[in-house]
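For the sequence shown, the positions run 156 to 304 when the working numbering is used.
Note that these hints are calculated values from the structure, not bench results.
Model, not experiment: these values are computed from the prediction.
Please note that a few of the clues may not be correct.
What the hints assert, rightly or not - Straight line, CA to CA, 30 Å or less: simulated DSSO-like cross-link-like pairs of lysine-lysine: (1) 231 to 246; (2) 290 to 246; (3) 270 to 246; (4) 270 to 231.
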Amino acid sequence: MFTKIIVAALLIQQLAFASTDAEEPRIGFSFVHESLVVVPVFINGRGPYRFLLDTGATNTIVSNRVADQLNIPIGKTETVLTAGGSVAATKRMIDVIRIGNAQIIQVPIIAADLKLMQTLHIDGIIGEDCLRQFKISIDYAHQLLTIER
């Protein structure tokens, strides 16, 4: 009897750890334009902000409005070439970007006002400079993103 209780307790403990570990990296997301993935992102502990997940974007971009709200110091001014043409932008440094439980420390980003961000009602774009640090799976049917190191 005592052995059965110990075995049952061990099984329950393993199931608890397995389910916690399996669920932690999952993040619910929403769609814009029926297929574009928008995830909740926290910047320097504030948010959530709506960011488009874009594997085709080289850089992570945040709107000037959000960058200014968060008092992120303005760096070098430059022109960024986008699909919609050239846009004035500034380089900035974010202390921490968090997507679910995944964090990136000291992230160089671009602050700009892209027409795409206004059209999609998003605060920024997570580009491949951040995405390449993770293994990412997208479950479109259940609108869940799994992000792991």
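Structure-inconsistent hints, enumerated in ascending order: Violated hints: none; all satisfied.
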